[in-house]
Amino acid sequence: MTKIAITAAAMLVAMGAAFAGSDNYGSADANQPAATVDNPYTASIKKSEPAAKQPVVQGSDRNLFGSH
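When we follow our numbering, the leftmost residue of the sequence shown carries the number -12, and every step to the right adds one.
Please note that a few of the clues may not be correct.
Said to hold, decoys possible - Computed Cβ-Cβ distance ranges for the label pairs, DEER-style:
hint	residue 1	residue 2	range
1	42	22	51 to 57 Å
2	-12	25	52 to 58 Å
3	24	3	35 to 41 Å
4	36	-1	37 to 43 Å
5	22	-2	49 to 55 Å
6	-11	23	53 to 59 Å
7	37	2	49 to 55 Å
8	19	39	44 to 50 Å
9	-2	36	30 to 36 Å
10	19	-9	38 to 44 Å
11	0	20	30 to 36 Å
12	2	39	55 to 61 Å
13	-2	37	52 to 58 Å
14	-10	26	33 to 39 Å
Since the hints were made in silico from the structure, they are not lab data. Even for Gly, the Cβ is constructed at its ideal location relative to N, Cα and C.
Using the sequences provided together with the hints, build the complete structure.
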């Protein structure tokens, strides 16, 4: 029973310290909307296109790792 009480007291102290250290807790300016929205392209190209299909060329090493 005492372990539970000590654990609960320690958690209350830790949570109180976390709120006391927060700059945004209770602040009127904490939830202001962003001034502008940034919408850049995240890829190196604007429009993605599928890769061109190329035929598979069988080389001289096709049996290098297979059974002979």
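Going back to the hint list, which numbers does this structure go against? The structure conflicts with hints 4, 5, 9 and 14, although it agrees with all the remaining ones.
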